[in-house]
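Asks: These protein sequence lines are chains A and B, in that order.
Counting along the first sequence from 1, when you hit position 337 you're at 337 in my numbering, and nothing is skipped either side.
Counting along the second sequence from 1, when you hit position 242 you're at 242 in my numbering, and nothing is skipped either side.
One should not assume that every hint holds.
Beta-carbon label-pair distances, calculated as ranges [as the list claims (entries may be wrong)]:
| no. | chain 1 | residue 1 | chain 2 | residue 2 | range |
| --- | --- | --- | --- | --- | --- |
| 1 | B | Thr208 | A | Met238 | 51 to 59 Å |
| 2 | A | Thr273 | B | Ala280 | 51 to 59 Å |
| 3 | A | Leu446 | B | Phe264 | 38 to 46 Å |
| 4 | A | Gly206 | B | Asn135 | 33 to 41 Å |
| 5 | A | Thr212 | B | Thr208 | 54 to 62 Å |
| 6 | A | Asn355 | B | Phe291 | 30 to 38 Å |
| 7 | B | Ser68 | A | Ser333 | 53 to 61 Å |
| 8 | A | Ile155 | B | Ile139 | 50 to 58 Å |
| 9 | B | Ile139 | A | Val426 | 18 to 26 Å |
| 10 | B | Ala134 | A | Phe358 | 27 to 35 Å |
| 11 | A | Ser198 | B | Phe276 | 20 to 28 Å |
| 12 | A | Tyr199 | B | Phe291 | 24 to 32 Å |
| 13 | B | Ala280 | A | Lys444 | 26 to 34 Å |
| 14 | B | Ala134 | A | Ile155 | 38 to 46 Å |
By construction, these hints were calculated from the structure, which means they are not laboratory data.
Here a beta-carbon is modelled for each residue, glycine too, at the ideal position from N, C-alpha and C.
Given next are the chains, with one letter for each unit.
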Amino acid sequence: MTDVLNTKRAKQAALGPYGRVGKSLDELDDRLGIAKGGRTFLDKIFPDHWSFMLGEIALYSFVVLMVTGVFLTLYYIPSQAIVTYHGGYLPLDGQKVTQAFSSSVDLSFAVRGGLLMRQMHHWACDIFVGAIVVHMARVFFTGAFRKPRELNWTIGGTLLILAIVNGFLGYSLPDDLVSGTGIRIAYSIILSIPVVGSYLGFLVFGGNFPGTAIIPRFFILHVLIVPLIIIGLVTAHMALLLRQKHTQFPGEGRTENNVVGSPMFPVFMAKTTGFLFVISGITALLGAFAQVNPIWQFGPYDASRISYAVQPDWYMGFLDGALRIWPSWSFHSFGFTIPWEVFIPAVLLPGLIFNIVFAWPAIERRFTKDDAMHNLLDRPSDRPKRTAAGVAMLALLGMLFIASSTDVMANFFHVSLNTVLWTMRVLCITAPFVAYPITYKICKELQAVKGGGKRKTPNVVTRTAEGEYVATPAPVYVDDLHHGHEPTEVPKFFPADTEEPGDSGVRVVER
Amino acid sequence: MNSTLLKRLSALAVVAFVAMGPLALFVGSAQAAYKATPYQTSRKNAGTPNSDVVKTDANGVVIQYGNSAITYSSPSPSLAKLGQALYLQNCASCHGNEANGIPANGTSGAFPNLVGLGPATIDFWIESGRMPAANPRSIQALRRYPRLSHDQALAVTAWVNSLSPSYPGIPSPNLAIANVSDGAALFALNCAACHTIEGDGDALASGTYAPSLRHVPAFQVAEAIRTGPGNMPRFTGNLSDYQVNDIVKFVTTQIQHPTNIGGFGLGGLGPVAEGFVGLALGVGLLALIGFWVGERH
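Next comes chain A alone, as it looks inside the complex (with noise of 0.2 Å):
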């Protein structure tokens, strides 16, 4: 026997069979008790239909704006002193403008790589209310929303409106003609509210429009409170999906009471980091070649200017459409003035709207007196009136959010203003009405498809030796078969712990 105590060989041997990380993790493990954690974690089954990639957007192009907006608050000043710019361009040369505007159009001009940030910034936003909205079309035509994630759904639902709220505030920030004008209608929304409208604005800007407060206040909301809410938001939210565990599509081997999907570690985990890749590099590609709020063509904000066809970011759409198509209702008497034709387009439509997404779980639970644990999901077609529903509250959406660029419509297809205006009310009322049936009826066709929602095998043709022609379907696809799903072997490091038995009076609790 010879002594190779000294051999490299040897040295990993006595490392054990995880090697050097292994070594370290162990001996994290023997001071903080990782292992439990981390297996349960690395273990963490994600199905791996699609449709659960959509969340994953929103998470990413959040990572994205924060790590674009920290860059800008390096070079972006939250000041509206006024001050002379003399800077790289040339057609705002000695034009009195606040410190707010100067800071972004240097940030673009001046900073190296800062307009692609700020673009980068400006997509990445754009992308993610997008990718909210349409997670959250996913979780609601598919039933996820139903017991026991009520609160995961209300979760998500205002995390819709911070976004929106928060984008809105970051739009505002460069103080531009057009984002001034954004700010000049959100001070009308807040005059129009009955009784305490007008103390309200005041409260909010600091005395009367414009003032001089509103951006340094917009700006700290901007960056720092309503992200911290939306990142302790989001970690809950995440902590109930892992608490929580994913729902999945109805399938062979897979019930309510288990998982079926690819582990955390190693397969969700490349993907998943690949997605992230793809959409930082997406919005960094959109924001290199695609220009978005060239804010100096549009020049600084001054309450005596405007500009025309003045449109809010989409996710604002719908409310601005609302506004635009709202009858001119007010109520002048005693001395006082309550704005309908502002208040109800712009203050309860919108209360409206997201309180019928926050009840929605329970709206559902009253009708259907469905009180069972739900982790399988449902395909659309199978919940006709919920879909309807659904399809119904997108349409009057949409069509509020088209009803938001009546003037670039009546411009491109020359057409009057008027008639685009009238056509877009008529179209608010019914498309609702009209959305609801079809859907319900298109459900009720696709229940009666044999098969739907399978993917099709094809038929083999072969030729007997007769010459005759059989036709003889295929066999179902593997991958569309989950029998014997056995769970994987996790891997034993430790021998279990064993319950030592404790004196009288000192409880003994598992770790």
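Mind docking chain B on chain A? Use the hints.
Replies: Relative to chain A, chain B alone:
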């Protein structure tokens, strides 16, 4: 104080007070006389409050006036004979043989009287291709490829102007001395409310619209500002020639050749186009990639 001095002062005050009447009359008539020159701004000769060069022809008719920013000129009267022929061919069916307009369907002024509108107005409508109108009954004439050439437009202008010589003349802005930054600020204040800050124009009420400024030559921008075609206000007293020149410079440089350093300009349509790109190219493409990565059945 000396009482005689007081008496003299009060006598002087009385004389001055009595003299005010004739003085006011004199100033009034002087202003009336002043109105006949191209310096004032009435409907008949919307024009140029700060001209320092005025040229007249042998008959005393003003043919050119202006300053270092914009020179306004009337086309040569020698073109008038050709102009009349062209007018009768292209314009008379609506505006009448004497260019004094025809009431259409019993409403007077449906086809406007052109006499005394000034060369800039006539020239603008013809050279922007709006006249002869493609559809005389449409609510707003379309800008299109001009039916008459530049020289023909000048000839018609010369004839119409010869009926009652008037102002403003056809402007030629001197962009070399213009300040594009002042132009940008003035554009945002005066023009963007209809033409949009990017100059694309947009729909106004009842089928009218503010046209796009993307392909308008400099002299036509100045003509439009000074004459106010269609629904557009006539900018006269509130904008000096220097300011008009600045706006023209801004429109012909930054509006027509915007600084799109951020990549493709997306048609200057603003958040409508941006939302479309963000949702279709951003969310849509990413969802497709998710579809590719994930399980699809």
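Asks: For every hint, state whether the structure bears it out.
Replies: Going down the list of hints, with the structure as the test:
1. As the Cβ distance of Thr208/B to Met238/A is approximately 54 Å, the hint placing it in 51 to 59 Å holds.
2. Distance hint check for Thr273/A and Ala280/B: the Cβ-Cβ separation is about 26 Å, which falls outside the suggested range of 51 to 59 Å.
3. A hinted range of 38 to 46 Å for the beta carbons of Leu446/A and Phe264/B is consistent with their spacing of about 40 Å.
4. Look at Gly206/A against Asn135/B: about 54 Å separates their beta carbons, and that is not inside 33 to 41 Å.
5. Range check, Thr212/A to Thr208/B: about 38 Å between beta-carbon atoms, so the 54 to 62 Å window is missed.
6. Distance hint check for Asn355/A and Phe291/B: the Cβ-Cβ separation is about 33 Å, which falls inside the suggested range of 30 to 38 Å.
7. Our hint of 53 to 61 Å for Ser68/B and Ser333/A holds, since their Cβ atoms are close to 58 Å apart.
8. A hinted range of 50 to 58 Å holds for the C-beta pair Ile155/A and Ile139/B, which are about 53 Å apart.
9. Against the hinted window of 18 to 26 Å, the Cβ-Cβ separation of Ile139/B and Val426/A comes to about 23 Å, which satisfies the hint.
10. Under the hint 27 to 35 Å, the C-beta atoms of Ala134/B and Phe358/A, about 55 Å apart, miss the expected range.
11. Checked against the hint of 20 to 28 Å, the C-beta distance between Ser198/A and Phe276/B comes to roughly 38 Å, which is inconsistent with it.
12. Remark: the range hint 24 to 32 Å for Tyr199/A to Phe291/B is contradicted by a beta-carbon distance near 50 Å.
13. For the hinted restraint 26 to 34 Å between Ala280/B and Lys444/A, the CB-CB distance of approximately 31 Å keeps it satisfied.
14. Take Ala134/B and Ile155/A: their Cβ atoms lie about 59 Å apart, and the range 38 to 46 Å is violated.
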